[in-house]
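The listed protein sequences correspond, in order, to chains A and B. Read left to right, the first sequence gives residues 1 to 248 (this note's numbering). Read left to right, the second sequence gives residues 1 to 320 (this note's numbering).
Since the hints were derived computationally from the structure, they do not count as laboratory data. Take the hints with a grain of salt, since some may be wrong.
Straight-line alpha carbon distances no greater than 16 Å define the calculated EDC-like cross-link-like pairs of lysine to aspartate or glutamate that follow [as the list claims (entries may be wrong)]:
1. Lys276(B) x Asp235(A)
2. Lys316(B) x Asp230(A)
3. Lys227(A) x Glu286(B)
4. Lys16(B) x Glu44(B)
5. Lys313(B) x Glu236(A)
6. Lys227(A) x Glu204(A)
7. Lys246(A) x Glu221(B)
8. Lys15(B) x Asp196(B)
9. Lys311(B) x Glu21(A)
10. Lys313(B) x Asp230(A)
11. Lys135(A) x Glu198(B)
Computed footprint of chain B on chain A, listed as stretches where at least three residues anywhere in the stretch have a Cβ under 8 Å from a Cβ of chain B [unchecked claim]:
12. 69 to 79
13. 110 to 120
14. 126 to 132
15. 187 to 200
16. 222 to 228
17. 234 to 242
Note that the structure is predicted; figures quoted are calculated from it, not measured. Think of the CB as a built atom: it goes at the ideal place given N, C-alpha and C, for glycine as much as any other residue.
Residues per chain, in single letters:
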Amino acid sequence: MKILVCISHVPDTTSKINFTEGDTKFDTNGVQFVINPNDEFGLTRAMWFKEKQGATVDVVNVGGPETEPTLRKALAIGADSAIRVNMPATDGFAVAQQLASVAKDGAYDLIIAGRESIDYNGGMVPGMMAAMLGKAFVTNCVGLEIEGNTATAVREIDGGKETVTATLPLVIGGQKGLVEESDLKIPNMRGIMMARQKPLKVVEPVDVNNASATNKFEKPAPRGAVKLIDADNIDELINLLHNEAKVL
Amino acid sequence: MSVLVYTESEKGKFKKAAFEVASYAKAVADLLNTTVTAISVNAEGADQLGTYGVTKVLKVSNSSIENFNVDTYASIVAQAAQHETAQIVIVSSSADSRYLAPVLAVKLNAGYASNVVAVPTSTAPLTVKRTAFTNKAFAHTELTTNNKIIGLSNNSFGLVENPIAAQVEEFNVDLPVSNITVKSVDKAANKVTIADAEVVVSGGRGLKGPENWGLIEDLAEVLGAATACSKPVSDLGWRPHSEHVGQTGKPVATNLYIAIGISGAIQHLAGINASKVKVVINTDPEAPFFKAADYGIVGDAFEVVPKLTQKLKEFKAQNA
Ligand SMILES: Cc1cc2nc3c(=O)[nH]c(=O)nc-3n(C[C@H](O)[C@H](O)[C@H](O)COP(=O)(O)OP(=O)(O)OC[C@H]3O[C@@H](n4cnc5c(N)ncnc54)[C@H](O)[C@@H]3O)c2cc1C
Ligand SMILES: Nc1ncnc2c1ncn2[C@@H]1O[C@H](COP(=O)(O)O)[C@@H](O)[C@H]1O
């Protein structure tokens, strides 16, 4: 089985978000970048398929040279080789087209992406890629088993779960549940050393068309101070929620 | 050239989110001087959509598609868009709609903006405001394609009545073969879900253990609220993963979010910030949540919450 894991390179969850150049660009100053958390769950599940079922695992990112440390981290966790498509990722549609092209060339049986990235939160790249490839797609995936040519996947739905089957090839939008938090691996020294020897191939983008452009960012308006209510005066809280906030 | 809206239903009844996207679609149609057409699958009471300004309802009735399937449903919405020559399609932020929208985008060769929180700020080019960086910021995004899909963030627009007599048309569709087969659906009956709820009551590690969750559930019941939790609570197995909210869990955009025994870490706040009114109950006056909340009580959850539940019961009884 050949697996491709799509890795989005995103600001660490503790990052303070600021913009520069007249609020047109994300300010990367002092920001630590990591593997998108949803992708880390997917990558860890892919490692399981590698260990138990002999799968090979490639990772891919669409981005500039600055994303290579993130790809190296994925190699240190255990991926076999990495691909970087040399194009800034500013539009989901265009990113999906690049990934679809890589996926097609590699003839993968399973493509694991994340439910959404925590930076631009599009929640769109995996579904678009699957549709471009004409492959089956399951998102919000919290469980995945593969037997022969058949995948059984569990999808989180509003208020519950759904179990589906599909024949490979398949595209997954993964999240926590695919593996548990405690299963996530921190790369060890040996992994980091080995990652330096593993192939990281840079490919030039194929011709694609953009579907969107983000021209301006905005930070939420600063909020007023909290109204503190005495623990012995619950009636006041109810009064405020009813008459002032109008949510009761 | 009407605006098309996908109105979701469950067991034959429209969801509240369907009325919200219909209300929003009407606002978008007004900007473009056109009308709203809705597409519904196995839903009764199409006339209800007229209340929110829908002029025409394309009604698909087919018992073989009871369960949502991304390929089938995306194909149905695409056929409706072609039938109406609609260039703008509006969907909600339910799990199913978020699943469907990117697949639909490829079928229609359309740009897709998700997590949109307001009516477009411009129609040519179509520009929308959407949340980004898990609610830590907003992005103003232009869709540059001819066809466009807008995913509306739940509870961001609300219900707006624009009564009109909706014309209902039975719509026949071709069903594609899907490679995905639904084997089982496991869904708690009669439980308010985080996605649909107007109020969410959420508990953190301050509640000490799963045996104390009755506090959260009792309060949620009086409020008709969904229950949620912080990440460590689900990691510890006190509550199911599906209740984990925050940057790496479910996003919450409710009218009222009540956080009990939750410190207010940046990752937690990022996921719930889109909620309109936030209440925190925490013993520690220095807890970061107090900086993010509208109302706060410094106090012990084990004392405050039962009292609050009791008082709310009385309040609800009086205001019923
Ligand atoms: C990559 C990453 C992603 C993350 N994503 C998320 C996410 O999506 N969602 C999320 O929630 N967290 C997330 N976290 C974790 C986050 O950083 C915090 O650790 C977590 O939110 C803390 O949960 P908590 O507030 O329940 O627990 P704690 O931080 O332990 O806080 C417990 C609070 O309860 C209060 N308390 C104690 N006793 C009582 C009492 N009797 N009555 C009232 N209050 C009491 C305490 O004063 C304290 O403020 C993430 C972390 C990382 C590193
Ligand atoms: N630039 C990128 N390179 C590789 N994978 C990506 C990229 N952007 C998004 N993805 C994948 O698509 C998922 C969803 O991203 P998004 O649609 O941006 O929310 C991510 O979790 C990744 O798996």
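A quick look at each hint next to the structure:
1. Lys276(B) x Asp235(A): 21 Å, violated
2. Lys316(B) x Asp230(A): 22 Å, violated
3. Lys227(A) x Glu286(B): 14 Å, holds
4. Lys16(B) x Glu44(B): 14 Å, holds
5. Lys313(B) x Glu236(A): 15 Å, holds
6. Lys227(A) x Glu204(A): Status violated; Cα separation ~55 Å.
7. Lys246(A) x Glu221(B): 19 Å, violated
8. Lys15(B) x Asp196(B): Answer holds: Lys15(B) to Asp196(B) is near 8 Å, not above 16 Å.
9. Lys311(B) x Glu21(A): Violated: Lys311(B) and Glu21(A) sit about 51 Å apart, past 16 Å.
10. Lys313(B) x Asp230(A): Given that 16 Å is the threshold and the Cα spacing comes to 20 Å, the pair is violated.
11. Lys135(A) x Glu198(B): Cα-Cα ~36 Å, so violated.
12. 69 to 79: Since 0 is below three, the answer is violated.
13. 110 to 120: Check passed, 3 qualifying residues.
14. 126 to 132: holds (count 6)
15. 187 to 200: violated (count 0)
16. 222 to 228: holds (count 5)
17. 234 to 242: holds (count 7)
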